[in-house]
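S.K.: Take these sequences, add in the hints, and give me the full structure.
Chain residues, written in single-letter form:
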Amino acid sequence: MTQLLRIEGLRISFAHRTGSTDVVRGLDLEVNQGETVGLVGESGSGKSLSCRSIIRLMPPHATMSATRVEFEGRDVLGLSRTELRAHRSRNVGMIFQDPFSCFDPTKRVGEQVAETLRVNVGLDRDAARERALALLASVDIDRPEQRFRAYPHELSGGMRQRVMIAIAISAGPKLLIADEPTTALDVTTQAQILALIEQLRRESEMAVLLVSHDFGVIAQACDRVAVMYGGHVVEAGPVDEVCAQPRHPYTRALLESIPSVESAGRRVRRAGIPGQPPNPAELGPGCPFAERCAHVRASCREVDMSLIRVTEGHLTACPVVADSLGAVATGVRP
Amino acid sequence: MTGESMLQVRDLTKRFVLRRSVGEWVRRQPGETHAAVNAVSFDLARGEILGLAGGSGSGKTTLARMLIRLVEPDDGSIVLGGLDVRALRGHDLREVRRRMQMVFQDPYSSLNPRLSVGAAIHEAGRVHHQPGSEDAGPFVARLLDLVRLPAAAAARHPRELSGGQRQRVAVARALAVGPEVLIADEAVSALDVSIQTQLLNLFLDLRDELGLAMLFVAHQLSVIAEVCDRVAIMHLGEIVEIGPTAEVFHSPQAPYTRTLLAAHPRPMALADATDPEPT
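Just so you know, the sequences run in chain order A and B.
Okay, so the first sequence: first residue is 0 according to numbering that gives the first Met the number 0, each after it adds one.
Okay, so the second sequence: first residue is 0 according to numbering that gives the first Met the number 0, each after it adds one.
A couple of the hints might just be wrong.
[Claimed, not checked] Short derived list, chain B residues pointing at chain A, Cβ under 7 angstroms: (1) HIS33; (2) GLU159; (3) SER161; (4) SER193; (5) VAL222; (6) THR244; (7) ALA262.
Read the hints as simulated data drawn from the structure, not as lab findings.
Just so you know, even glycine gets a beta-carbon here, dropped at the ideal spot from N, CA and C.
M.R.: Written out as structure tokens, the structure is:
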């Protein structure tokens, strides 16, 4: 598979009066052409910020640096303003959790799709209108001519997210970044939106980077997954493998605390994860999960969080797990 | 674990009047009505946790709010321990609201940002003349202990706490008035999975320790599956199915319940128990 995106050693920090706080602390991530990669983590783990680095869209007071951020082999960090504009508008499409705040409430949604086409693709008014209608139809909006004339508030949440997707894919991007696209939606609508994204991915061979806090959504939609905690990727691999055989104590604990419909009537309490997710300002060196980890060792405070390969394509940042697996493979237990 | 029925709800209905069109307004016609909750009936027993699930707009929250008359019902009856809740006014209504406490999704907007945690909890107990509330220190300490927060949390303000801790404070504040029924409206929906589990366990502990009855409103079926004894599935203002959680989820009868369950995403079951665990 051809590599589309490669991020290495990404650091993002927020400046404040007394210094700066690192919220992403050396992230590595790869996305190949046409695949769906999930980025899963709890709030504050740095997943949203990390995916915004791909289009260098940083909030005020945040600075990013990286060993490399490459899109189709081109260095994103070195792009000029004009090049960055072209990169944002043509290469990458992005959708967010709350599509309502992304729209201009005073303009008809169809006009907003057409506007994107005029500005980013350079179509004239009539061509843009025609293409916008086709796009609305392609995201399964029925009666697109009528919806074209609707204002954002007249659409349901699921419908708004469909229009948002239409705008995001309007320039035929090679990567769609979907940041919690279904979090505000009902489960039934959620399933439809995920199916739509999957259908569009197959048809246009674009890659999808799906950011979510919900492992269920990730498991359903993705080929590969990267699990984030405290600004690091702690585990990455094929989604089935990560779910079935988590190779980082955090992933394991997270999967075990996910409530499931199957447990109805079983009345077994889940252990959960003790303590709180880390505050980036208070994180020291070493593994950010060490404080809550049941298998913590003294050496965990010095771990550099680089990813160790356990099987082909399955990586963990936990040397303790990696060691124990290595020991099993050679038949010698430490 | 569950005892006698303490809350009986029968044919509870709430209609909202839709905005009238100009034509209707000119002709002085009444606006069309929409039944947000339509003839809903259920019972809640002491020590029972009843789940209320459904999509957005299904009427879950309206139903929950009607129980303590934050929303006035149009029809039907609510009986709490023999008292007709719909007929009450003034002091008696306040007493019913003490006995049925609500915990909301966003504790940040339901807690006074200017009050310390201790003051917020004590205030609730004092207003309702709860035994022990004359002495703020021990009163607050007991409640914080009940929700597994350290006694030192009393001096903190809501903004200094994490989402999970704030929700515990909201629960402590509800418990400060000695309720018999806890209505949790999407109380864990905004929380991260690892914190969600801690809160769910807390609700189970409180039921066991205090014999509370709970109406647990949530859109996540999996959360309901973990804590509820029975579940009611709402759709378009009606309860389309109600029964023991295991029965409803393992052999759903209503078509809508099946749709909901089918759409519910689930990570693969954790397999491979023989996996080498780091020691």
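S.K.: Look at each hint and say if it fits the structure.
M.R.: Against the structure, the hints:
1. HIS33: 15 angstroms, violated
2. GLU159: 11 angstroms, violated
3. SER161: 5 angstroms, holds
4. SER193: 4 angstroms, holds
5. VAL222: 5 angstroms, holds
6. THR244: 4 angstroms, holds
7. ALA262: 4 angstroms, holds
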